[in-house]
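Listed here are the chains, written in short residue letters.
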Amino acid sequence: MKTEMVFLQVLLGELISFAIFMSLPLMHTQRTASGGSEGKDFQETTRRAANGYRLILTGLFIASTAAIYLVLIRWQTQAGAALISIGFNVAALFCYINYARQVGPFAVPSPITRYAVSLRVRRLVDYTHTWLEALILILTIGPLVLLMSAYPGMPDQIPVHFNITGEPDGWARKSLGSAFFAPALSVYLQAVFLLIKYDMVHAKMILPEESTEEVLRYKEQFLKTNAQLFDLVRVSCALLLAMTALLPVNKSLGEVASNMLALASTLIWIGPALLVGGLSYFIWRLLRIKRDLEVLSPGSNAPCSVDDQYWRQGGLVYKNPEDPAVMIEKLVGLGYTYNMASRGVYWRLAILVGVPLFVVWAFSFLR
Amino acid sequence: VIIRIDTSHKLPIYRQIADEIKMLIVKGDLVPGATLPSVRQLATDIGVNLNTVAIAYRELQEEGLITIRHGSGAVVTSCTSQSQSIQDLRRSLRVALTELVLAGLSLKEIKKIFDDELQHTIQSKEGSR
Numbered sequence: 001m002k003t004e005m006v007f008l009q010v011l012l013g014e015l016i017s018f019a020i021f022m023s024l025p026l027m028h029t030q031r032t033a034s035g036g037s038e039g040k041d042f043q044e045t046t047r048r049a050a051n052g053y054r055l056i057l058t059g060l061f062i063a064s065t066a067a068i069y070l071v072l073i074r075w076q077t078q079a080g081a082a083l084i085s086i087g088f089n090v091a092a093l094f095c096y097i098n099y100a101r102q103v104g105p106f107a108v109p110s111p112i113t114r115y116a117v118s119l120r121v122r123r124l125v126d127y128t129h130t131w132l133e134a135l136i137l138i139l140t141i142g143p144l145v146l147l148m149s150a151y152p153g154m155p156d157q158i159p160v161h162f163n164i165t166g167e168p169d170g171w172a173r174k175s176l177g178s179a180f181f182a183p184a185l186s187v188y189l190q191a192v193f194l195l196i197k198y199d200m201v202h203a204k205m206i207l208p209e210e211s212t213e214e215v216l217r218y219k220e221q222f223l224k225t226n227a228q229l230f231d232l233v234r235v236s237c238a239l240l241l242a243m244t245a246l247l248p249v250n251k252s253l254g255e256v257a258s259n260m261l262a263l264a265s266t267l268i269w270i271g272p273a274l275l276v277g278g279l280s281y282f283i284w285r286l287l288r289i290k291r292d293l294e295v296l297s298p299g300s301n302a303p304c305s306v307d308d309q310y311w312r313q314g315g316l317v318y319k320n321p322e323d324p325a326v327m328i329e330k331l332v333g334l335g336y337t338y339n340m341a342s343r344g345v346y347w348r349l350a351i352l353v354g355v356p357l358f359v360v361w362a363f364s365f366l367r
Numbered sequence: 368v369i370i371r372i373d374t375s376h377k378l379p380i381y382r383q384i385a386d387e388i389k390m391l392i393v394k395g396d397l398v399p400g401a402t403l404p405s406v407r408q409l410a411t412d413i414g415v416n417l418n419t420v421a422i423a424y425r426e427l428q429e430e431g432l433i434t435i436r437h438g439s440g441a442v443v444t445s446c447t448s449q450s451q452s453i454q455d456l457r458r459s460l461r462v463a464l465t466e467l468v469l470a471g472l473s474l475k476e477i478k479k480i481f482d483d484e485l486q487h488t489i490q491s492k493e494g495s496r
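In order, the protein sequence lines correspond to chains A and B.
Note that this note's numbering has the first sequence beginning at 1, numbered continuously upward.
Note that this note's numbering has the second sequence beginning at 368, numbered continuously upward.
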């Protein structure tokens with residue numbers, strides 16, 4: 001029973017990556033087609049390359065799923081299944097890059113030298129809902145405070161992993177690390193999310209020379225929808241980790257809180273359902289905005305053709321040391337991505353890796 | 368409130384930024400009290416070095432049109448610039464007229480261009496009030 005559940009989870013992950021990889025050429029060919037060359041050769045080669053890519057991808061998907069099924073059900077090794085799943089993603093990525101290389105030379109970059117820029121000030125506050133931030137703060141700091149007060153009274157063995165109905169199925173010896181892992185992770189993730197949202201709001205926004213006002217309106221809508229989508233992810237993450245943090249102590253919290261938590265844990269599946277529903281809704285809206293933008297001003301939904309040559313790995317990675325932008329609209333896909341060559345990204349990465357290392361190091365003295 | 372930039376034009380980018388903002392002030396799209404984005408934000412959007420935008424802002428501040436606030440952009444403070452003397456202004460007009468003459472335009476054509484531009488600029492200023 002348990003292995004089947006794991007298999008279903010892994011299968012779901014595989015299906016999602018498969019769908020994303022299948023749709024990548026769709027977005028990429030649109031871009032190359034609007035980049036200039038629309039000759040017969042271009043169409044033919046692109047079509048053939050895309051078909052080949054999709055064929056290989058489907059083969060990879062079937063093979064890896066079969067392998068995962070064998071490894072999980074026959075040999076019962078979860079680590080092997082995870083490795084195969086990661087392998088599938090890496091292989092698919094390489095296939096995509098190969099496909100993009102085949103198509104790339106046919107796209108004629110049209111360097112834009114005349115463009116417009118909005119002087120409207122974009123601030124993080126304008127994309128923030130007070131009640132939502134308060135909720136996230138309570139969900140992040142609340143468990144930490146509750147756990148601190150409950151820690152001395154906790155038993156020597158504490159549950160650290162829970163199955164889908166909220167019953168513990170993994171135990172660990174009581175320590176600061178095992179008890180505070182979830183709330184600490186929650187605080188850390190929320191801080192990282194906030195930094196990413198700040199960057200998103202200040203991402204590069206470039207406008208075409210014609211129909212500037214309309215494009216600006218759509219681009220601001222695009223940014224707003226992205227911020228809302230991100231808020232949904234932030235709330236879901238805070239909620240999930242708050243539950244995980246409080247489940248070990250629900251016995252020591254007293255009758256009322258314990259009952260509330262029991263109720264919450266039976267409703268825990270509502271969270272993922274809301275998340276999936278919300279994500280689908282926002283992605284649908286983003287796709288619509290992109291489509292409208294493409295109709296309004298072809299090629300303008302690519303962030304800036306000026307920087308075409310700086311997009312690497314088939315348009316997935318942006319590397320331009322000359323560009324002061326830390327974040328930029330994605331060339332392939334929805335949303336924003338970091339300029340991997342900007343100096344800002346280096347210290348962000350340093351914090352991302354440094355803070356957890358420092359915390360682990362500092363806690364090692366407390367034991 | 369939108370500014371237009373042409374990176375292939377012979378005018379340097381900081382000049383274009385300063386000129387565009389001045390035009391917006393004359394048109395009344397930017398009134399005293401209006402906020403301008405921070406140097407970093409504008410440089411990110413245009414895709415130029417931070418210094419380029421900083422030079423443009425500093426020039427506008429020297430002319431008394433805007434005040435730069437540290438870390439949070441700039442504010443438009445006035446609709447009238449202070450630094451340029453009448454001689455300087457006459458000189459810029461003379462340079463522009465010289466260019467028109469050198470381009471081989473007749474006196475009538477130059478007058479027409481001059482009147483059109485003057486009309487356009489003043490109209491947008493009157494219209495905003």
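It is worth saying that the hints were derived from the structure and are not from the lab.
Quantities reported herein were computed from a predicted structural model and do not represent experimental measurements.
Please note that a few of the clues may not be correct.
Beyond 12 Å from chain A on every Cβ pair, some chain B residues (computed) [as the list claims (entries may be wrong)]:
#1 ASP373
#2 ARG382
#3 GLU387
#4 ARG407
#5 ASP412
#6 VAL420
#7 ALA441
#8 GLY471
#9 LEU474
To give an idea of the chain B side of the interface with chain A (calculated C-beta under 10 Å), a few residues [claimed, not checked]:
#10 VAL368
#11 ILE384
#12 PRO404
In this text, a Cβ means the ideal position worked out from N, Cα and C, and glycines have one as well.
Each hint, compared with the structure:
A cut-off of 12 Å between C-beta atoms contradicts the statement that B/ASP373 is not in contact with chain A; the least separation is 5 Å. Look at B/ARG382: its CB is around 15 Å from the nearest CB on chain A, clear of 12 Å, so calling it non-interface holds up. Residue-level check failed: B/GLU387 sits 9 Å from the nearest beta carbon of chain A, not beyond 12 Å. For B/ARG407, the shortest C-beta to C-beta distance to chain A comes to about 7 Å, within the 12 Å cut-off, and the non-interface label is violated.
Distance check for B/ASP412 against chain A: the nearest CB is about 5 Å away, which does not clear 12 Å, and the non-interface claim fails. Some Cβ of chain A comes within 12 Å of the Cβ of B/VAL420; the nearest lies about 9 Å off, and the non-interface call is violated. The claim that B/ALA441 lies off the interface is violated: its Cβ sits roughly 10 Å from the closest Cβ of chain A, which falls inside the 12 Å cut-off. Distance check on B/GLY471: its Cβ is at least 26 Å (rounded) from any Cβ of chain A, clearing the 12 Å threshold; non-interface status holds.
With 12 Å as the threshold on Cβ separation, the claim that B/LEU474 sits away from chain A holds: the shortest Cβ distance comes to roughly 32 Å. Proximity of B/VAL368 to chain A holds as hinted, the smallest CB-CB distance being about 4 Å (cut-off 10 Å). Annotation: interface hint on B/ILE384 holds; nearest CB of chain A at approximately 9 Å, less than 10 Å. Hint on B/PRO404 holds. Least Cβ distance to chain A is approximately 5 Å, under the 10 Å limit.
In the structure shown, a violation is registered for the earlier hints numbered 1, 3, 4, 5, 6, 7, in ascending order.
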